[in-house]
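Under my numbering, think of the first position of the sequence shown as 132, with each following residue one higher.
Keep in mind the hints are simulated off the structure, nothing from the lab.
Just so you know, even glycine gets a beta-carbon here, dropped at the ideal spot from N, CA and C.
Here are the simulated lysine to any residue pairs, SDA-like style, with alpha carbons at most 25 Å apart:
1) 218 with 233
2) 202 with 172
3) 218 with 245
4) 218 with 195
5) 218 with 183
6) 238 with 219
7) 238 with 176
8) 238 with 274
Pairwise CB distance ranges (calculated):
9) 172 with 270: 12 to 22 Å
10) 265 with 194: 11 to 21 Å
11) 198 with 279: 33 to 43 Å
12) 209 with 279: 30 to 40 Å
13) 214 with 234: 20 to 30 Å
14) 278 with 170: 11 to 21 Å
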Amino acid sequence: MKLPALLLMLMAIGCAPGAQPSQWLADSEKERLPSGGEEVPESSWYEVRTTRVAVAIQELRRVSFIELTMKQAADLAGAHYAIEPGKHAYLFRGLYANLGEHRLTLKNGILIVLHESLGHSSVPQFSPLVVNLPAPPTRVVTVLGVTE
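From just these sequences and the hints, can you work out the full model?
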């Protein structure tokens with residue numbers, strides 16, 4: 132990515148009105164997270180490409196997820212995106228703090244979007260995801276874990 136494009140993207144993310152990654156976090160003391168559940172396979176979700184993160188943040192400013200058309204999903208996720216038979220594409224809130232991995236779990240209609248970050252605690256950053264699911268969840272919980 133060329134430097135001017137990167138700077139423009141960072142300015143767009145920073146200038147999104149009211150966009151604070153910490154607002155996407157579940158309050159773990161108030162939120163009872165279900166244990167167990169079915170892990171969403173990594174082949175069913177895609178990180179939004181860097182050049183489209185600002186667009187995704189704008190779409191998710193008031194809701195934790197939206198349904199996408201095939202064209203929207205491909206635009207956000209990139210050319211490698213593929214819809215799975217019998218599933219629909221959704222855009223979900225996601226976060227990260229450091230290098231690590233996302234883990235998505237579905238239990239009783241609740242989708243838990245977890246990022247296990249490595250290293251010291253850090254400020255949350257946006258990491259929206261395009262996810263293929265058979266039906267929309269009843270609730271979405273975004274969690275950030277940091278392993279020090």
